[in-house]
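K.L.:
In case you want the letters, here they are:
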Amino acid sequence: MNNSLITVGVILILGVIVMLFRVSRLVDVLRGTGSQRVDGSNKFNALMFPIFGVVMFSLFFWITEDSKKHYLPEASSVHGINIDHMFWTTMIIITFVFILTHILLFSFPYLYQFKEGRKATFFPDNHKLELIWTVIPAIVLAVLVFTGYKVWTEVTSAAPEGHETLEIVGKQFNWIVRYPGSDGKLGKHNFRKIDDVNSLGMDMADEHSYDDFYPSEIHLQVGKPVQFKIRARDVLHSVFAFHFRQKMDAVPGMPTSFWFTPTKTTADMKAETGNPDFVYEIACTEVCGQGHFGMRFKIVVEEEEEFIKWKNSQKGFLASNPDYIEKVPAELQEKAKKFLPASEVKVDSTAKAVVPSAAPVATASVVGL
Amino acid sequence: MATVDIHALSAVDAHVHDAHHHDDHHHEELSFVQKYIFSEDHKIIAKQFLITGLLWAFVGGLLSMIFRLQLGFPNNSMAWLKPLLGGWIVEGKLKPEFYLALVTMHGTIMVFFVLTAGLSGTFSNFLIPLQVGARDMASGFMNMLSYWFFFISSVLMFSSLFIETGPASGGWVIYPPLSALPQAMPGSGLGMTLWLLSMATFIVSSLLGSINYITTVINMRTKGMTFTRMPLTIWAFFLTAVIGVLAFPVLFAAALLLIFDRSFGTSFYLSEIYINGVGALDREGGSAILFQHLFWFLGHPEVYIVLLPALGITSEVIATMSRKPIFGYRAMIGSMIVIAFLSFIVWAHHMFVTGMNPMLGSIFMFLTLIIAVPSAVKAFNYITTLWKGNIIFSPAMLFSIGLVSLFISGGLTGIALGNSAIDIQLHDTYFVVAHFHLVMGSASFFGMMAGVYHWFPKMFGRMMNERLGYIHFWMTFIGVYMVFFPMHYIGIAGFPRRYYSFTSYEAFKTFTELNSFISIAAFITFSAQLVFGFNFFYSIFRGRKAPLNPWHSNALEWTTPLHPGHGNWPGEIPSVYRWPYDYSKPGAAEDYIPQNVPYSATLESNLPHENDLIALEKEEGVTVHAH
Chain A
1 MNNSLITVGV
11 ILILGVIVML
21 FRVSRLVDVL
31 RGTGSQRVDG
41 SNKFNALMFP
51 IFGVVMFSLF
61 FWITEDSKKH
71 YLPEASSVHG
81 INIDHMFWTT
91 MIIITFVFIL
101 THILLFSFPY
111 LYQFKEGRKA
121 TFFPDNHKLE
131 LIWTVIPAIV
141 LAVLVFTGYK
151 VWTEVTSAAP
161 EGHETLEIVG
171 KQFNWIVRYP
181 GSDGKLGKHN
191 FRKIDDVNSL
201 GMDMADEHSY
211 DDFYPSEIHL
221 QVGKPVQFKI
231 RARDVLHSVF
241 AFHFRQKMDA
251 VPGMPTSFWF
261 TPTKTTADMK
271 AETGNPDFVY
281 EIACTEVCGQ
291 GHFGMRFKIV
301 VEEEEEFIKW
311 KNSQKGFLAS
321 NPDYIEKVPA
331 ELQEKAKKFL
341 PASEVKVDST
351 AKAVVPSAAP
361 VATASVVGL
Chain S
1 MATVDIHALS
11 AVDAHVHDAH
21 HHDDHHHEEL
31 SFVQKYIFSE
41 DHKIIAKQFL
51 ITGLLWAFVG
61 GLLSMIFRLQ
71 LGFPNNSMAW
81 LKPLLGGWIV
91 EGKLKPEFYL
101 ALVTMHGTIM
111 VFFVLTAGLS
121 GTFSNFLIPL
131 QVGARDMASG
141 FMNMLSYWFF
151 FISSVLMFSS
161 LFIETGPASG
171 GWVIYPPLSA
181 LPQAMPGSGL
191 GMTLWLLSMA
201 TFIVSSLLGS
211 INYITTVINM
221 RTKGMTFTRM
231 PLTIWAFFLT
241 AVIGVLAFPV
251 LFAAALLLIF
261 DRSFGTSFYL
271 SEIYINGVGA
281 LDREGGSAIL
291 FQHLFWFLGH
301 PEVYIVLLPA
311 LGITSEVIAT
321 MSRKPIFGYR
331 AMIGSMIVIA
341 FLSFIVWAHH
351 MFVTGMNPML
361 GSIFMFLTLI
371 IAVPSAVKAF
381 NYITTLWKGN
391 IIFSPAMLFS
401 IGLVSLFISG
411 GLTGIALGNS
421 AIDIQLHDTY
431 FVVAHFHLVM
441 GSASFFGMMA
451 GVYHWFPKMF
461 GRMMNERLGY
471 IHFWMTFIGV
481 YMVFFPMHYI
491 GIAGFPRRYY
501 SFTSYEAFKT
511 FTELNSFISI
521 AAFITFSAQL
531 VFGFNFFYSI
541 FRGRKAPLNP
551 WHSNALEWTT
561 PLHPGHGNWP
571 GEIPSVYRWP
581 YDYSKPGAAE
591 DYIPQNVPYS
601 ATLESNLPHE
611 NDLIALEKEE
621 GVTVHAH
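Going line by line, the protein sequences match chains A and S. At position 42 of the first sequence the residue is numbered 42 (this note's numbering), and the sequence of numbers has no breaks. At position 93 of the second sequence the residue is numbered 93 (this note's numbering), and the sequence of numbers has no breaks.
None of these hints come from the bench; they were simulated from the model. Beta carbons are placed, not taken as given, at the ideal position from N, Cα and C, and that holds for glycine. There could be a bad hint or two in this list.
Unchecked claim - Below are the EDC-like pairs computed for lysine to aspartate or glutamate, each with C-alpha atoms no more than 16 angstroms apart in a straight line:
{"id": "1", "chain 1": "A", "residue 1": "Lys68", "chain 2": "S", "residue 2": "Glu590"}
{"id": "2", "chain 1": "A", "residue 1": "Lys298", "chain 2": "A", "residue 2": "Glu217"}
{"id": "3", "chain 1": "A", "residue 1": "Lys193", "chain 2": "S", "residue 2": "Asp282"}
{"id": "4", "chain 1": "A", "residue 1": "Lys270", "chain 2": "S", "residue 2": "Asp282"}
{"id": "5", "chain 1": "A", "residue 1": "Lys338", "chain 2": "A", "residue 2": "Glu217"}
{"id": "6", "chain 1": "A", "residue 1": "Lys119", "chain 2": "S", "residue 2": "Glu590"}
To be verified - Partial selection, computed: residues in chain S whose CB lies under 10 angstroms from chain A:
{"id": "7", "residue": "Leu181"}
{"id": "8", "residue": "Gly286"}
{"id": "9", "residue": "Ala507"}
{"id": "10", "residue": "Leu514"}
Please model the entire structure based on the sequences and the hints provided.
P.N.:
Below you can see the structure in the form of structure tokens.
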């Protein structure tokens, strides 16, 4: 009943509009165009441009101000500050040009609207003018290119000595993160060895694999450069740690990387934003299928002490999955056994003293990772 | 006032039969099918492209309404769409796979089917012969084929919307491995196959058209129509066609390799892949980045293929309706040539964060920012053309001025994106979406509208209703800014594109209101297009009969009869004596002097060097009778 009423209502309204349209056409015909080149609507349209301009600028200033509440907080990385600075400088230049050109574009229609008897000015070219507005943009752009180049080469330079390393692998539809463990090296991997447990296909013939651990959230030490080694397991993904101004695609078959230095701890950010729920997040920024929007991963930035404590409390792969010792080749079995949890180790009088902890205990001086 | 009767000009001179020009055309009547369906007349073919393009625009817009509904009102039930979308709505919610299918098809349809075929196909076909003074295109047969290949391509693409696994869904850029592996997403099954077949056919259509346009412009200009007397529309269409011929084959190659990877077990783009639930694939050694390079080698020139015709149309309309020459005619040509050239060497600015060698990032940043210079020149020249003009605001003029605004707004943000360091943060966010929708989508759409409103009288012999045109323009202009401007801010705040929902992220939860606003603005803007649709179709049949030259334009198309027949001019083709921008020339009686008026007839307004050309006219036997 309601639907048919609405339908009838819509039809009636459309009918009224069509009637108005036909009446206005008949009025036009009766009035006749005569020798007039324009009618009253020319004035209307001419006036609409400056009005539009004023309203547009007002809304522009308003939304620019209002959107600040949405913006990300100040960058939490060293290079991020530079990127943001470049961005806002560029935006200021852009805004200046936007306003200048639009003041002209929206006032000229009004000022130079058609007037019977007036003649336009025959002004086909002016080389001086052309030169000016070719050279000035060229110079401005050259400056932007140069400064952009400087920031870009810094960002894409090699990671500094002593940086932390971790691997992030994208798959449909989550990230798998792997840290190298106390030996500081990530174990080799082969996609053919992937299974439900060994999600990255780590090679058990590589002893560096045994202590690699797979946390459920990334932890970083504030002030210490970290390199994300990035790749993907199935299709293209992209790691976007937006608070750090970090982005790099994850490509199956082609490892990529991106390094940066976090400058603010999660605790710092909670204080800075006044939001106790603040959390550093990673988003996927390369369409990867229906779960593309759900590939969230948490990052925690903390002081050195907490970071080391966290690392030491992580269980390595073999410790978490002791049955994988079977895949370890014979010559490495002894080495591998050291990484097993204490209960799994068989006591053998000829064996060396067993390290009972779940993962090799690190002393205060952590091996350079 | 002395009137001039110029013998060579007479378009309705019944005594002049020009037998030469009727060689290839039989004197017997063509059948209905030959005349209107498999027509070889460029004007009919242009209208076929136009109608098909407009229908596609409606479909593409409709798709965006659905995903804007999802983004703006994610908690509202979409069960009411079930009659239309069937299995794509599950328990009142849009399936995420279908969301991706919607954005993919929206992009594909708008970029290729509406703004390439619908824009270039329509106006290059319609205007090139008429404005250069030719009877028709170089090859009417190839031209006919170019439309019908487009038609086949359209059928293939449209049908993919209705299959069970859905159309292609990997974004309009269809990067592998996602688009190569049906196991990775349902849209990469039959939908992707149809997409590839459709695009392969589309490329054939485009090449057939482009070759024709280039040949006609080079070889079939009428007497006196030198390259530097051609309207800027023709320059734009010509350069667009050149870009197309060079760039589209590379997309064809990329698509072909993708077809091989999909169906013949090759590994051009695939390496070390393990799919959930399927296992490791036996493909190694390929590079996903290779596809991106090949794709964007077309993809970037493609955006100029989309934009240049719109810029050409705007030049013509702004000059004509300001009653002033376009400012800097040669600079406009030069800037288009530079843009066309540079468009081929900036493609990897779409790939700054793909993991390619950072050195390439620096190189492409440099080249990309250079292309801003000729673009800026064009914008300034448009504005200067308005200065001290005597402006008549036809709907076409409104859209042309709107285009300049959108081109500037969208183009400026390109400067931020072209900077590789800044792009790290902005790539694949809504900032990019805002940028290209303004500078390419909306600007070119406005160019297309300007073209339709301006040349409608020539196409159909009738006028569109101007009042509806004004309403259409202002609603659309306001609407487009309301939809896309806020997206910049969301992008700055880090919001990624192609996201079905954003509420699971702490950082993105705050965007609900903005997204709702954008969606409402989009619904209103889409509705405004219905005003145009009504005006267009109604006016074809019931529009007021048009005068011969409603805009008092100088270009040659207005010297044909109201309903130009096959061959365009019933008599001899007019010769051209001057450039098309003698508007408001000092000393001239009227505020325009058509191109086919010789200098010997305008002694009162000739510039000194133009008087020297009168001697040449005498040699050609141009007779001038003063009354």
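K.L.:
If a hint holds in the structure, say so; if it does not, say that too.
P.N.:
Comparing the hints with the structure gives:
In summary, the hint linking Lys68/A to Glu590/S is not supported, as the alpha carbons are separated by about 55 angstroms, beyond the 16 angstroms threshold. Our distance criterion of 16 angstroms between C-alpha atoms is met by Lys298/A and Glu217/A, whose separation comes to about 5 angstroms. Among the hinted pairs, Lys193/A with Asp282/S is consistent with the structure: their alpha-carbon atoms are about 13 angstroms apart, no more than 16 angstroms. The straight-line distance between the Cα atoms of Lys270/A and Asp282/S is roughly 47 angstroms, outside the 16 angstroms bound, and the hint therefore fails.
Note on Lys338/A and Glu217/A: the hinted pairing is violated, with a Cα-Cα distance of about 26 angstroms set against a maximum of 16 angstroms. Proximity of Lys119/A to Glu590/S is assessed by CA-CA distance (about 10 angstroms); at most 16 angstroms being required, the pair is judged to hold. Annotation: Leu181/S was flagged as interfacial toward chain A, and the flag holds, the nearest CB pair being 7 angstroms apart, inside 10 angstroms. Taking 10 angstroms as the C-beta cut-off, the interface hint given for Gly286/S holds, the closest approach to chain A being about 7 angstroms.
For Ala507/S, the interface hint holds, the least distance from its beta-carbon to any beta-carbon of chain A being 6 angstroms, beneath 10 angstroms. The closest approach between the C-beta of Leu514/S and any C-beta of chain A is roughly 8 angstroms, which is under the 10 angstroms cut-off, so the hint is satisfied.
Comparing the model with each numbered hint stated earlier shows that hints 1, 4, 5 do not hold.
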